[in-house]
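On the provided structure of chain S, position chain P as indicated by the hints.
Protein chains: 2
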Amino acid sequence: MACKRVKISVDLFRFHRGKQIATPVRCVSHARKLSPQTRLFPDEYDKPSMKTTVPGPRSKELLGKFENITKNVEHVLFFGNYKKSKGNYLVDADGNRMLDVFTQVASVPIGYNHPALVEAIQDPGNLSVFVNRPALGVHPNEDFPERLQNALISVAPPGLERVQTMACGACSVENAMKHAFIWKRKQDRNGLQPTAEDLDSCLRNESPGSPPYTILSFVGAFHGRSCGALSCSHSKAVHKVDIAAFDWPIAPFPQLKYPLERYEQENRANELRCLDEVVKLITDYNSRGRKVAGLIIEPIQAEGGDNHATKFFFQKLREICDQFKVAFIVDEVQTGCAASGKFWAHELWELPSPPDIVCFSKKMLTGGYYFKDEFIVQGAHRIFNTWMGDPSKIILLEKVVEVIQNNDLVQNVKETGDYLLHKLEGLQDKCPSMFSNARGAGTFCAIDVRDGATLLEIVEKMRNKGVNVGCCGVRTIRFRPTLVFQKHHADIMFETFDEVLEEMKM
Amino acid sequence: MACKRVKISVDLFRFHRGKQIATPVRCVSHARKLSPQTRLFPDEYDKPSMKTTVPGPRSKELLGKFENITKNVEHVLFFGNYKKSKGNYLVDADGNRMLDVFTQVASVPIGYNHPALVEAIQDPGNLSVFVNRPALGVHPNEDFPERLQNALISVAPPGLERVQTMACGACSVENAMKHAFIWKRKQDRNGLQPTAEDLDSCLRNESPGSPPYTILSFVGAFHGRSCGALSCSHSKAVHKVDIAAFDWPIAPFPQLKYPLERYEQENRANELRCLDEVVKLITDYNSRGRKVAGLIIEPIQAEGGDNHATKFFFQKLREICDQFKVAFIVDEVQTGCAASGKFWAHELWELPSPPDIVCFSKKMLTGGYYFKDEFIVQGAHRIFNTWMGDPSKIILLEKVVEVIQNNDLVQNVKETGDYLLHKLEGLQDKCPSMFSNARGAGTFCAIDVRDGATLLEIVEKMRNKGVNVGCCGVRTIRFRPTLVFQKHHADIMFETFDEVLEEMKM
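Just so you know, the sequences run in chain order S and P.
Note that my numbering gives residue 24 to position 24 of the first sequence, counting from 1, and the numbers run on in steps of one.
Note that my numbering gives residue 256 to position 256 of the second sequence, counting from 1, and the numbers run on in steps of one.
Chain S on its own, in the form it takes in the complex:
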């Protein structure tokens, strides 16, 4: 192993976690002596167990069948056996049991087959909601308001008391943008309802009814893959190439240097340049009649490579949005539901006033968004579709929220996240030629690998040794464990990292 084998004892500075920024935390790298922890998932497996390389023969056989049906399987890694998967362990069709730190693109909140969810599905009182999917905008199920209260309003971001469910993340973003457009046009009509000309011209996709308004997004962002959301996504060409897009403004996203405490001034200057550019773009687009109705941003640009910015940057964005009357839309599809060590990652920013709209999906099991009263859309069928979400997912989310609250999983994520990040920093200290820029909030952590080819090699080797991790950006490993991922799971992962690096003679 070519990396430095040093035992590190350092002052670690946690970053952009609200008040914890620049608070020194003393810890010891590779400390294996943990205080005994309550196991958060009952009867979980103890460790990975591998029978074949991945994908194994059974997965390969299934892949052939699947390919014949969909012709779109190049991204399929293996088939899952979801009967045998449990907690943080994903079992595949060949009986390989992997510690899952990617969790279905960050969408498994409390582990596979959590007993609370099993119980919810088996509860005869819930059966009718699974059998009959209502049109929630027309004939919602009678317990829907109460369940929404329990599942979504009980965990609403501070200052945002209204919620609209949707089927998925992209639909949530699309509808959030629609709220922004409608809100902006209403301002421009001095609060009045659409005119006859508006109503007539919109049917032909013409102005003023279909205004040439825009949504500002950021370089490296990802917000989904339908035409509106995709026009705001700029993380990877393969998502976008050949597909028509709106000509909407795109601002640079900060490129922070690590460690943050060393590059404080440089990073601040970088963020100020980005903020300047945001103002310029808004001013320019507004002056051309292409008014910026909304600004959409992720708390951490996930698909784009786990790019962070400081709370200063987000606070200033809130100010700019206020100044130019632009809807401040925070896309928490990947960061939401406690992964950041707060229930909502934007809570780490300590904003003077809340975002205007907050989108969610993935771990929340349902798509949707919270919004301020100012963004209420008046009139029937303006924000509407057949299903408007799925109440069977709300039943499950209700249980997820209960489990999070009863087990203080937000605190678990914070503690495990501290540990995880610290271990990642240890890894990069050991192998500075291989790893850099360890970063994270809660367990929403990442580390850069020296190049894309090495990244893929590491991830594949990790998987074949029983740890399923994900990639993002061009050379980043992203960690997206469940909320019941604990220090002992992290230890297994880092032991596997050690083995892989040993094998690679690093």
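Quick caveat, the hints were computed from the structure, so don't treat them as lab data.
Note that CB positions come from ideal geometry on N, CA and C, so glycine has one too.
Take the hints with a grain of salt, since some may be wrong.
[As the list claims (entries may be wrong)] When the alpha-carbon atoms are kept at most 30 Å apart in a straight line, the in silico DSS-like pairs for lysine-lysine are as follows:
id	chain 1	residue 1	chain 2	residue 2
1	S	Lys186	P	Lys71
2	P	Lys236	S	Lys325
3	S	Lys236	P	Lys280
4	P	Lys372	S	Lys60
5	P	Lys372	S	Lys65
6	P	Lys186	S	Lys65
7	S	Lys71	P	Lys236
8	P	Lys71	S	Lys372
9	P	Lys461	S	Lys325
[Stated by the list, open to error] Computed footprint of chain P on chain S, listed as stretches where at least three residues anywhere in the stretch have a Cβ under 8 Å from a Cβ of chain P:
id	segment
10	136 to 142
11	234 to 241
Chain P alone, transformed into the frame defined by chain S:
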């Protein structure tokens, strides 16, 4: 009752149902003597039973709570009690039991709480799929290919053997359009992969990577509410006003006059004018570099007012698409799954070659689309998102398809549809000042009411007498029963119509 009380015995001409067009069917209006029919839904209620007007006090109370949470409830008619709903009967929160001929915006295939679906959810072998929602593009469940085969490939439209699932109708349409764009760009690169310039420019939403290509849609169309799908929707201003849209071509949709056999020449001329306009638009947009990549159309424009066109029109569209290398996308979100008396409504057109892409959702319980091999997208992560559908819906769809096949529900829809349309024609013959343009395919029927205000009055009175029907367009009643809706249900509906008209002194 002011309408003519005549007993009608007429030659009826069924229209645009493939070969049945202009085939005379002799029948007698208001014939109550039916040959005994097997009841298709076990233990169904016998008839509606109303306790309050709708919404009743309990629905109103719930509406207050719901409004406080979502602030978007103006379209909510009442809350459902889905435990007590059964077959074609929807029970509301106040215990009112209504014959449901609207079925959650046309999305209930085989009735409420069908035993086959109850069994599927209670089957312990299916439990893990309801508890754990996989990222189907990365780690699908091991039984997913087989279930896709049973649920979707077994009912694939002739000539379309590939399928991609999606979460909802709008996502399906958005991704179908993406296939069209990618296919068109590939043609324009002579089959080559995207260039470095394509990959670079698309990240900035700029041409050539984000091409200024377009999708042609029709006046009165509805394809969904995300930005791409909404740019192709032109049925109602309230769906679109204030929201940014693509400047894409919009062609006129035929405006048929009824009865079809009387206006054959005039209708043909009208369709020819529309076809001319399609060609002009494609030529014009192509010449300006804004190439038309796809043409999207509903077999029957549902939200737009149940507007039909003849199979001649659709056959010509297929030819035009071939001629100009435009993807022919058929949106069967509302017409699909047997409602038209064929499993797919476009089967009625007897096309010389199949459509290129066929979208579905609603009664299919999952979104998705079928596509020809020519439209396969090569490369990972181009057509992709976190969930790519929901395998728990595929389990349910598998049962739905089994029930449809075992009970020959397509034939039931055809027979019941014949009866339903005949009765509607009887209604308009009795009350020509009130009703006109009875039309339909299968049970996908509609009739126009003299004006919008009267329409709303009739629909409300029908509901309060226990029959829940829907509206579309500006003055149309649309009938969207389940596939287990039978003649005896239709009789109840028409008895209620009679009562309502009596009350209205029509």
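How the hints compare with the structure:
Restraint check for S:Lys186 and P:Lys71: satisfied, since their Cα atoms lie roughly 17 Å apart, inside the 30 Å limit. Under the criterion of a C-alpha separation no larger than 30 Å, the hint pairing P:Lys236 with S:Lys325 is consistent with the structure, at around 28 Å. For the suggested pair S:Lys236 and P:Lys280, the alpha carbons sit about 36 Å apart, so the restraint of at most 30 Å is broken. Proximity of P:Lys372 to S:Lys60 is assessed by CA-CA distance (about 24 Å); at most 30 Å being required, the pair is judged to hold.
Of the pairs offered as hints, the one joining P:Lys372 and S:Lys65 holds, with about 17 Å between alpha carbons and a cut-off of 30 Å not exceeded. Taking the CA atoms of P:Lys186 and S:Lys65, the gap is near 27 Å; set against the 30 Å cutoff, the hint holds. Straight-line distance between C-alpha atoms of S:Lys71 and P:Lys236 comes to about 36 Å, which puts the hinted pair past the 30 Å bound. The straight-line distance between the Cα atoms of P:Lys71 and S:Lys372 is roughly 10 Å, inside the 30 Å bound, and the hint therefore holds.
Taking the CA atoms of P:Lys461 and S:Lys325, the gap is about 45 Å. The hint is violated against a cut of 30 Å. With a cut-off of 8 Å between beta carbons, the segment 136 to 142 of chain S has 6 residues touching chain P; three or more are needed, and the interface restraint holds. Counting residues of the segment 234 to 241 of chain S whose beta-carbon sits less than 8 Å from any beta-carbon of chain P gives 7, enough to reach three: the coverage restraint holds.
Hint violations for this structure: numbers 3, 7 and 9, all remaining hints satisfied.
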